[in-house]
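*Asks:* Sequential numbering from 1 applies to the sequence shown in my numbering.
Careful: at least some of the hints might be erroneous.
Now the in silico label distances, taken between C-beta atoms and shown as ranges [what the hints assert, rightly or not]:
#1 157 with 205: 19 to 27 Å
#2 93 with 211: 34 to 42 Å
#3 145 with 52: 19 to 27 Å
#4 43 with 155: 21 to 29 Å
#5 160 with 67: 30 to 38 Å
#6 213 with 42: 29 to 37 Å
#7 211 with 43: 32 to 40 Å
#8 167 with 67: 14 to 22 Å
#9 149 with 215: 21 to 29 Å
#10 117 with 143: 39 to 47 Å
#11 162 with 103: 32 to 40 Å
#12 141 with 43: 45 to 53 Å
#13 158 with 43: 20 to 28 Å
Quick caveat, the hints were computed from the structure, so don't treat them as lab data.
Source: prediction; values computed, not measured.
C-beta atoms are modelled at their ideal positions from N, C-alpha and C, and glycine is treated no differently.
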Amino acid sequence: MKSRAVSIWTLLSLVICLGAAAGAAGQDPVDVWDLPPPEKSPLFDPAFYVAAGLDYRAIDHNSLTISPSVVADLLFQFNRAVGVKAGVSYNHYTKLTAGTKIRTFAGHFALRLQLPFETAAPFGETGFQVSRYEASLSHYRLDENNFGIFWTGGLAVRLNDRYSLDFSCKLLWNRFASDNSASLTGDPEWIRPVDGLTTTYHFDRALYNPATLELQIRYRL
Numbered sequence: 001m002k003s004r005a006v007s008i009w010t011l012l013s014l015v016i017c018l019g020a021a022a023g024a025a026g027q028d029p030v031d032v033w034d035l036p037p038p039e040k041s042p043l044f045d046p047a048f049y050v051a052a053g054l055d056y057r058a059i060d061h062n063s064l065t066i067s068p069s070v071v072a073d074l075l076f077q078f079n080r081a082v083g084v085k086a087g088v089s090y091n092h093y094t095k096l097t098a099g100t101k102i103r104t105f106a107g108h109f110a111l112r113l114q115l116p117f118e119t120a121a122p123f124g125e126t127g128f129q130v131s132r133y134e135a136s137l138s139h140y141r142l143d144e145n146n147f148g149i150f151w152t153g154g155l156a157v158r159l160n161d162r163y164s165l166d167f168s169c170k171l172l173w174n175r176f177a178s179d180n181s182a183s184l185t186g187d188p189e190w191i192r193p194v195d196g197l198t199t200t201y202h203f204d205r206a207l208y209n210p211a212t213l214e215l216q217i218r219y220r221l
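Produce the complete structure using the sequences and hints provided.
*Replies:* Here you go:
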């Protein structure tokens with residue numbers, strides 16, 4: 001009789017233990033250990049951003065006098081990892097060693113890939129840029145349009161729910177295709193004929209293909 005009672009209690013204890021184990025297995029570990037839920041990254045989580053800042057040319061300072069450019073962008077993120085952006089930039093003053101002052105207008109479009117980290121997220125961009133250079137003095141006017149492609153690597157630092165800072169370095173190959181028009185009196189030394197053709201002029205080649213450092217503040221709409 002005593003052994004029978006022991007067997008019954010043993011069986012009941014086993015059933016209770018198995019039930020508790022099954023319940024724990026079916027429960028979310030987050031609830032068991034009181035952990036915050038993991039952050040989800042949905043496939044489509046759209047967001048719009050506007051950004052503005054400055055970029056500064058990091059090379060060719062021996063042949064150019066350079067001022068910072070103003071940059072403005074509109075960024076559309078499909079999710080936290082993939083987005084596209086379009087923007088414009090303007091440089092009011094780049095001077096060649098011979099004293100020629102050049103204004104630069106540019107528009108760009110790019111694909112942006114970003115690691116979905118919360119506070120500091122590395123990102124990369126690639127796309128194309130159309131640049132227009134203008135120089136005008138009493139004895140000449142030269143306008144040139146260039147089409148180029150670029151690559152950018154950077155770090156996005158989240159400040160709060162709305163604001164982020166983007167630090168980046170951009171490399172532009174800006175001689176993919178070009179078109180120019182010149183109105184000259186005389187033959188200034190700062191311009192170079194192309195392929196020996198004295199009727200076709202470009203700016204000194206130090207002006208093209210810049211590597212620039214960029215800082216922008218970005219705001220989520």
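*Asks:* Which numbered hints are broken by the structure, listed smallest first?
*Replies:* Of the numbered hints given earlier, those the structure breaks are 1, 2, listed in rising order.
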